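*Asks:* Chain Z: place on chain H using the hints.
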Amino acid sequence: SQTIHQWPATLVQPVGSPLSLECTVEGTSNPNLYWYRQAAGRGLQLLFYSVGIGQISSEVPQNLSASRPQDRQFILSSKKLLLSDSGFYLCAWSRGMTDTQYFGPGTRLTVL
Amino acid sequence: GQQLNQSPQSMFIQEGEDVSMNCTSSSIFNTWLWYKQDPGEGPVLLIALYKAGELTSNGRLTAQFGITRKDSFLNISASIPSDVGIYFCAGQLRGSQGNLIFGKGTKLSVKP
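As they're listed, the protein sequences go chains H and Z.
Going by the numbering used here, the first residue of the first sequence is number 1, and it counts up by one from there.
Going by the numbering used here, the first residue of the second sequence is number 113, and it counts up by one from there.
Pulled out of the complex, with its shape left as it was, chain H reads as follows (with noise of 0.2 Å):
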């Protein structure tokens, strides 16, 4: 069977340090993968989606970006992070594009 995982589970950061948010996949290959914040306990919005190694699709600008450097692995970065930047952040994964999506145990990020 497949599972997700996401580390850390919780984080706080100040203002202006670095960030890297790790998901992994067991049990499939060549998943396809996204990164989703979640604020306030409410709505999704998708931020990076991946369909292969390397291949990164960034839905909205931001303070953010995303690598896949294997295959079952997506890491969520950013260089400086901002009071914004706050929230619950998810990593989900299917099969292909149009198929269920699955989703880890989230990482919650507190930015101070």
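Honestly, the hints are just simulated from the structure, not real lab data.
Errors might be hidden in some of the hints.
[Unchecked claim] Quick partial rundown of chain H residues pointing at chain Z, CB under 7 Å, derived from the structure:
1) Ser86
2) Leu90
3) Thr100
4) Pro105
Model, not experiment: these values are computed from the prediction.
Beta carbons are placed, not taken as given, at the ideal position from N, Cα and C, and that holds for glycine.
*Replies:* For chain Z alone, kept in the frame of chain H given last:
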């Protein structure tokens, strides 16, 4: 962009009551999905619908894919305190190879 209108935004009900929420759009969908997000966790898939008119149950949950393919509803019967959370609908537009579109969620609170 395409939108899903999910309603209600929030519900406050008494334990034992039935719950109904829905998603509508002006566009036609090939797939409807319903997710539940417990506080502080990632969304979990509850029910997936693939055919117009399809009615699917999962325990106390029942969801239907509207005949017009433009809407879907989710019913919860005899609510219990653990039903608390945010429920999201998501859909795959007909003829689109793009990502799922998510509703903004319905926040359910259950009073014991």
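*Asks:* Look at each hint and say if it fits the structure.
*Replies:* How the hints compare with the structure:
1. Interface restraint check for serine 86 of chain H: the shortest CB-CB distance to chain Z comes to about 15 Å, outside 7 Å, so the restraint is violated.
2. Annotation: leucine 90 of chain H was flagged as interfacial toward chain Z, and the flag holds, the nearest CB pair being 5 Å apart, inside 7 Å.
3. Interface hint status for threonine 100 of chain H: upheld, as the beta-carbon distance to the closest one in chain Z is roughly 6 Å, under 7 Å.
4. Nearest Cβ of chain Z to the Cβ of proline 105 of chain H: about 5 Å, under the 7 Å cut. The hint holds.
The structure is inconsistent with hint 1 alone, although it conforms to all the rest.
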